[in-house]
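Asks: Start from the sequences, fold in the hints, and give me the full structure.
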Amino acid sequence: MRDVAIVSFAQSNCAKETERNEVEILLPVVAEAVKASGLPRSEIGFTCSGSSDFLQGQPFAFVMALDAVGAWPPIKESHVEQDGAWALYEAWVKLQTGEVDSALVYSFGKSAAGDLAEVLALTLDPYCVAPLWPDADSIAALQARAFLEKTGKTERDLAEVAVRSRRDAKSNPHAVLKGDVTADELLAAPYVSSPLRAHDCPINCDGATAMVIVAGERAKKVVPRPVWIRGIDHRVDPPALGVRDLTRSPSTEIAAGKAGVGRDRIDFAEIYAPYTHQELILKEALGLTGGVTINPSGGALVAHTLMSCGLNRIGDAAARIMAGKGDRAVAHATQGPALQQNLVCVLEGE
Amino acid sequence: MGESIKSVVTPVHLEYDYSAGTATSRFLRGLAKKKIVGGECPSCQRVYVPPRGSCPRCAVPTAREVAVSDHGTVVTFSIVRVPSENLDFALPYACVSVLLDGAGLPFFHVVQRCPLEEVRMGMRVKARWVDDEKLGPTIASIECFVPSGEPDADYETYKEHG
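As you go down the protein sequences, you meet chains F and X in turn. Using the numbering used here, you'd call the opening residue of the first sequence number 123 and step up by one each time. Using the numbering used here, you'd call the opening residue of the second sequence number 107 and step up by one each time.
To be clear, the hints were calculated from the coordinates, so they are not data collected in a lab. All C-beta atoms in this analysis are idealised placements derived from N, C-alpha and C, irrespective of residue type, glycine included. Hints may be right or wrong, so weigh each one.
[Unchecked claim] From the structure, some residues in chain X lie toward chain F, with a derived Cβ separation under 10 angstroms:
(1) TYR124
(2) ALA129
(3) ARG135
[Claimed, not checked] Covered by chain F, per the in silico footprint, the following chain X stretches (three or more residues, Cβ under 8 angstroms):
(4) 113-123
(5) 146-160
(6) 163-169
[As the list claims (entries may be wrong)] Partial pick of chain F residues on the chain X-facing surface, computed with a CB cut under 7 angstroms:
(7) ARG142
(8) GLU146
(9) PHE182
(10) ALA183
(11) GLY192
(12) PRO196
(13) SER200
Replies: Below is the structure:
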């Protein structure tokens, strides 16, 4: 395996973007990440993006996003219809082939263009589930109910996840929801889809993320403290909700094992859990015990930029390590209904 | 065994609020005032019409607004003889790529009010705007392009775009 490191990361503020188009949101973010990488744009060997044309309602919208990257003269480029974390995975594989030594990874999503509940329903089985148009909160609620029943955890335990996330978000300039609240205050709110209340659900917003990765010794030459990707793996659970044990995340468990989460101590974890109960399921699946700090950024509950949120977890973890606030971290990304697809990577500072 | 199910119908209808973006919005608002507004790249000086907010060659914002002429040169064309559901142009008509004076790349529209056999590369054309009360932030504010009567442009002036 070739050692590959994250050398730069940039993200836009999580916001409702009604004026700017995707290219206009991406441009400053890509420029910031490329500049911070210390590499001339022309020397970056590969570009890979993650986005969903369903969010924009335009076929091949991801091609137009290349206007933000500078694709002339022609570049080597690819795209995944997934969160940017999977674009990072593809770029990492590309670097493993030895064909290129560096890559730009970016992702973007505007949740506000369509009716998100309807758009996300189309990720479900198109014959027997999607025609009923279940919204994402309701699907998550099925999972939450099963989880609470099985584990004996309570709605208060879920509220505590939100309390901690908002408190930690106070130091995250990109977070939308932040501040000190109590579980009692949160539990006084009505249900969105029982047992979930608003604080259990993500704050959806629009944004973009960019990252540059570099292989081998060169990474040490471009930045003072590259963050090495020690392991990265992604797995999927079956799409049919009925055949899964929704209270566990077997795909995360396997990915965590393959990525080497248990091989050494972990200082903190950035977990992409759009719903409070999912953080508890994922913490278990990742094998993270008491002492590990979870989501120092506040996570997806305080800023859910669709298609970018997973790459942001990895980027936030890398930025924290670069800043010297930890040496070894787990970063996780999810996609699909009720944690169907999961990616896990282990990051370590130089 | 019951009768086999050969198909199911599951209608999908999604509505989107499309954001043209700040640069394209300026272009569209300009059309309502019979103005064609492009965006200039600060690095290579190309003027993009319509502007999308960035120069795809240089990957920098095309922040400076530049007005371009509503006169231009046909750099390539095709005569359309088949109907299209969303267009009510009388068949046949000429669709053209027009390089507006001052623009760095050509622009798609149609040429009408001229014999089709006269449409040619290098032909000079000008925008025919709709009546003032019909003007709006839409490309349809330009009804079509028509011959301007100017002498043909030299091939060298548009060969990059043909």
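Asks: Now tell me if each hint is right for this structure.
Replies: Results of checking the hints against the structure:
Annotation: interface hint on TYR124(X) holds; nearest CB of chain F at approximately 7 angstroms, less than 10 angstroms. Interface restraint check for ALA129(X): the shortest CB-CB distance to chain F comes to about 7 angstroms, inside 10 angstroms, so the restraint holds. Interface restraint check for ARG135(X): the shortest CB-CB distance to chain F comes to about 12 angstroms, outside 10 angstroms, so the restraint is violated. Under the rule that three or more residues need a Cβ within less than 8 angstroms of chain F, the assignment of the stretch 113-123 of chain X holds, with 7 such residues.
Look at the stretch 146-160 of chain X against chain F: 3 of its residues bring a Cβ nearer than 8 angstroms to a Cβ of that chain, three or more, so the hint holds. Only residues whose C-beta sits within less than 8 angstroms of a C-beta in chain F count toward coverage, and the stretch 163-169 of chain X has 5 of them, enough to reach three; the restraint holds. Satisfaction of the interface hint for ARG142(F) is found here, the shortest Cβ-Cβ separation to chain X being roughly 6 angstroms, below the 7 angstroms cut-off. With 7 angstroms as the threshold, the beta carbon of GLU146(F) comes within range of chain X, its nearest partner Cβ sitting at about 4 angstroms, so the hint holds.
Contact between PHE182(F) and chain X, as hinted, is not supported at the beta carbon level, the nearest pair being about 15 angstroms apart and thus beyond 7 angstroms. At its closest, the beta carbon of ALA183(F) sits 10 angstroms from a beta carbon of chain X; the interface hint therefore is violated under the 7 angstroms criterion. Given the 7 angstroms rule on beta carbons, the hint for GLY192(F) holds: about 3 angstroms separates it from the nearest Cβ of chain X. A least Cβ separation of about 11 angstroms between PRO196(F) and chain X goes past the 7 angstroms threshold, and the interface hint is therefore violated.
Interface hint status for SER200(F): violated, as the beta-carbon distance to the closest one in chain X is roughly 17 angstroms, over 7 angstroms.
Consistency note: the structure conflicts with the earlier hints numbered 3, 9, 10, 12, 13.
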